[in-house]
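If you read the protein sequences in the order shown, they are chains V and W.
Going by this note's numbering, the first sequence opens with residue 1, and the numbers climb by one from there.
Going by this note's numbering, the second sequence opens with residue 1, and the numbers climb by one from there.
Hints are supplied without guarantee of correctness; some may be wrong.
Stated by the list, open to error - Restraint ranges, calculated between C-beta atoms of paired labels, are given here: (1) D30/W / A17/V: 38 to 44 Å; (2) N112/V / K44/W: 40 to 46 Å; (3) T12/V / N62/W: 26 to 32 Å.
To be verified - Now the stretches of chain V that chain W is said to cover, found in silico as 3 or more residues with beta-carbon under 8 Å: (4) 16-30; (5) 83-95.
Hints were generated in silico from the structure; no laboratory data involved.
These numbers were taken from a predicted model, which means no experiment stands behind them.
Note that the Cβ used here is the ideal one computed from N, Cα and C, for glycine as well.
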Amino acid sequence: GNSVTQMEGPVTLSEEAFLTINCTYTATGYPSLFWYVQYPGEGLQLLLKATKADDKGSNKGFEATYRKETTSFHLEKGSVQVSDSAVYFCAAFSGGSNYKLTFGKGTLLTVNP
Amino acid sequence: DTAVSQTPKYLVTQMGNDKSIKCEQNLGHDTMYWYKQDSKKFLKIMFSYNNKELIINETVPNRFSPKSPDKAHLNLHINSLELGDSAVYFCASSPWGEGYEQYFGPGTRLTVT
Chain V
1 GNSVTQMEGP VTLSEEAFLT INCTYTATGY PSLFWYVQYP GEGLQLLLKA TKADDKGSNK
61 GFEATYRKET TSFHLEKGSV QVSDSAVYFC AAFSGGSNYK LTFGKGTLLT VNP
Chain W
1 DTAVSQTPKY LVTQMGNDKS IKCEQNLGHD TMYWYKQDSK KFLKIMFSYN NKELIINETV
61 PNRFSPKSPD KAHLNLHINS LELGDSAVYF CASSPWGEGY EQYFGPGTRL TVT
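The shape of chain V in the complex, shown without the other chains (with noise of 0.2 Å):
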């Protein structure tokens, strides 16, 4: 089945400092790659995906790319808010008789004013 590591946290940064959150997966074929993100308190929103190599997905200022020849889906933004505070989790999706959504161990990323 698929496996998905993500940088593991926490993270905390300043506001306005540049984000990276590193995601790599192990598939076989090509999985549809998500970035999730859990605000305190509640269930997980998706917050961009991309579904091919070389798609880029995007939502509120974060951006990922899936790419294929390093297996990575790294999640970045280059103006974080103290509103971005959250848990992110990196995901991936096969179908076939995989048909689950896998889910990295999440970020917990803390911005301060």
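Please build the complex by placing chain W on the supplied structure of chain V, with the hints as guidance.
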């Protein structure tokens, strides 16, 4: 309108009891899921159903029994609760197929004492 709802939001119970968590989605999706999130925020799929048929059962103890009375509902019944069952349980739904976003409910925090 809430897309994916769960009840109850909090559940505190004693070891050995039996409890149920209910999930409903009004998105018209074919596929529903149960996830368990432990105290370290690690998310793992437990079950997935498509059109009321079980698709995935991820080596979950027999004490956990999902039931899908119709496409819009997926309930989780837990027998003989143990301390290790304490976690946050999330329900989610999506269309059937790769590349689709999963929509998560707000979670049910189960505490077994």
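Now for the hints, and whether the structure bears them out:
1. The hinted range of 38 to 44 Å is satisfied by D30/W and A17/V, whose Cβ atoms lie roughly 42 Å apart.
2. At about 31 Å, the beta-carbon gap between N112/V and K44/W misses the expected band of 40 to 46 Å.
3. Hint check: T12/V to N62/W, Cβ distance near 42 Å, so the stated range 26 to 32 Å is violated.
4. A stretch counts as covered by a chain when three or more of its residues have a beta carbon under 8 Å from one of that chain; for the region 16-30 of chain V and chain W the count is 0, and the coverage is violated.
5. Here's how the region 83-95 of chain V fares: 5 of its residues keep a CB closer than 8 Å to some CB of chain W, so the rule of at least three is met and the hint holds.
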